[in-house]
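S.K.: Okay, here's what each chain looks like letter by letter:
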Amino acid sequence: AQSVAQPEDQVNVAEGNPLTVKCTYSVSGNPYLFWYVQYPNRGLQFLLKYITGDNLVKGSYGFEAEFNKSQTSFHLKKPSALVSDSALYFCAVRDIYNTDKLIFGTGTRLQVFP
Amino acid sequence: DAGITQSPRYKITETGRQVTLMCHQTWSHSYMFWYRQDLGHGLRLIYYSAAADITDKGEVPDGYVVSRSKTENFPLTLESATRSQTSVYFCASSETQEYGYTFGSGTRLTVV
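As you go down the protein sequences, you meet chains A and B in turn.
According to this note's numbering, the first sequence is numbered sequentially starting from 1.
According to this note's numbering, the second sequence is numbered sequentially starting from 1001.
Okay, chain A solo, but in the shape it has when bound (with noise of 0.2 Å):
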């Protein structure tokens, strides 16, 4: 069965220090990979996803997140953290041949300190 996980329950970062969120995934086909973000009282907004091609996945408000096959993993990063950047992380995981559903991780809390 496809799964996901996030072995983190939260991060904390300094601003202006880059930020990495991990995220490691089990599919038995290819996976279609994503990134969501949580703000407070909010519903889940795309950042970015993995379907094919460059292992590096540029997404919104200065986000990427690296695929990488033999590790299984596909953490999020940013080069500079801000505080705004604070909020609810998660990533989510698509067997692209054996379901249509997303499966989610339980989700990662940034906390960005000033």
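Be aware that one or more of the hints could be misleading.
To be verified - Restraint-style ranges between C-beta atoms, simulated for each label pair:
1) Ile51/A x Met1022/B: 29 to 35 Å
2) Thr20/A x Ser1080/B: 42 to 48 Å
3) Glu1079/B x Gly62/A: 24 to 30 Å
4) Ser84/A x Ser1084/B: 15 to 21 Å
5) Asp1056/B x Ser60/A: 45 to 51 Å
6) Ser1067/B x Gly53/A: 37 to 43 Å
7) Ile1054/B x Phe113/A: 22 to 28 Å
8) Gly1003/B x Glu66/A: 29 to 35 Å
Source of the hints: derived by calculation from the structure; they are not laboratory data.
Ideal Cβ positions, reconstructed from N, Cα and C, are used throughout, including at glycine.
Given the coordinates of chain A, assemble chain B onto it according to the supplied hints.
M.R.: Showing chain B alone in chain A's frame:
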């Protein structure tokens, strides 16, 4: 307005009552989904639909019923609400498998 809308935004109901959460999208997306969000569990899929009149169970379907007679609507019904169904419910839609989902703003349901 274009988009995906959920109603009501907040709902308090009593144990044993039937309650329906509404979801409406204006894009004619084929796929629609219902998730619940609970602390420590992230998002869990309740039901999904690949097209009108086609629905399927997700990870946590017990106690819920869905229908999709029209492409744009995907209501979720709790037949007899229980306290364990207190949660935030999100509806989402998607055009194809390659695209991500667009989420509604959510319904916060409290069962007392």
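S.K.: Run through the hints listed earlier and report the numbers of any the structure violates, in increasing order.
M.R.: 3, 4, 5 and 7
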